[in-house]
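Enquirer: Each chain, letter by letter, is given below.
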Amino acid sequence: GESVGLHLPTLSVQEGDNSIINCAYSNSASDYFIWYKQESGKGPQFIIDIRSNMDKRQGQRVTVLLNKTVKHLSLQIAATQPGDSAVYFCAETAYSSASKIIFGSGTRLSIRP
Amino acid sequence: EPEVTQTPSHQVTQMGQEVILRCVPISNHLYFYWYRQILGQKVEFLVSFYNNEISEKSEIFDDQFSVERPDGSNFTLKIRSTKLEDSAMYFCASSPNNSPLHFGNGTRLTVT
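Residue numbers (our numbering), protein chains in the order written: chain V, 175 to 287; chain X, 7 to 118.
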């Protein structure tokens with residue numbers, strides 16, 4: 175069936191470096207994509223979102239890139255900090271329908287001091 | 007900042023027993039959701055609720071599951087007869103419109 179998946183299950187990054195977390199999606203009907211951060215013992219926390227009419231969106235230290243041609247989504251975190259350690263999930267949905275959000279498998283980001 | 011709150015944080019129950027997981031969504035939100043996460047796996051959609059009725063549900067949400075909004079503030083998930091495989095983190099979420107969803111910190115359900 176249709177699914178959202180991640181290329182890498184774990185990512186280790188030096189503190190201060192930039193992190194790039196990738197995600198592939200397969201549902202052509204999805205037009206809204208979200209990145210969530212999940213820290214240990216907590217629920218998913220919204221980071222940034224992007225609609226399909228855009229290919230880039232920037233937040234504070236985070237940027238999401240969307241490539242609809244190859245159905246690829248990425249999250250870039252600038253100047254990675256210890257507090258960025260978490261599991262990161264991409265998620266997809268159809269914006270207009272208030273439909274369910276489908277989560278990907280998650281990437282664990284660990285920060286080396 | 008308003009939060010989605012869930013109680014209890016951890017629920018232990020015996021197989022075959024009924025459990026009710028409770029959630030207080032953010033007060034001005036209109037859309038409510040339950041998700042679950044089996045340990046080490048991804049977050050899975052269970053059910054969405056809008057205008058006092060279920061708007062969508064997954065295959066996981068079978069006849070053993072039900073949701074209710076008994077008053078203006080609570081949103082509950084009931085599992086009628088728990089199975090071992092129901093052990094998971096259950097997350098409640100709400101949103102004011104379509105997205106994004108705001109999640110609570112979950113209830114860990116352990117079925118023994």
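You may find that some hints are simply not true.
Among chain V residues calculated to face chain X with C-beta under 8 Å, some are [stated by the list, open to error]: (1) G190; (2) D191; (3) G217; (4) F220; (5) I224; (6) F263.
To give an idea of the chain V side of the interface with chain X (calculated C-beta under 10 Å), a few residues [claimed, not checked]: (7) Y210; (8) S259; (9) A265.
Read the hints as simulated data drawn from the structure, not as lab findings. We put the beta carbon where it would ideally sit given N, CA and C, even for glycine.
Enquirer: State the violated hints by number, sorted upward, taking the hints as numbered earlier in the document.
Expert: Hints 1, 2, 5 and 8 are the ones this structure does not satisfy, whereas the remaining hints hold.
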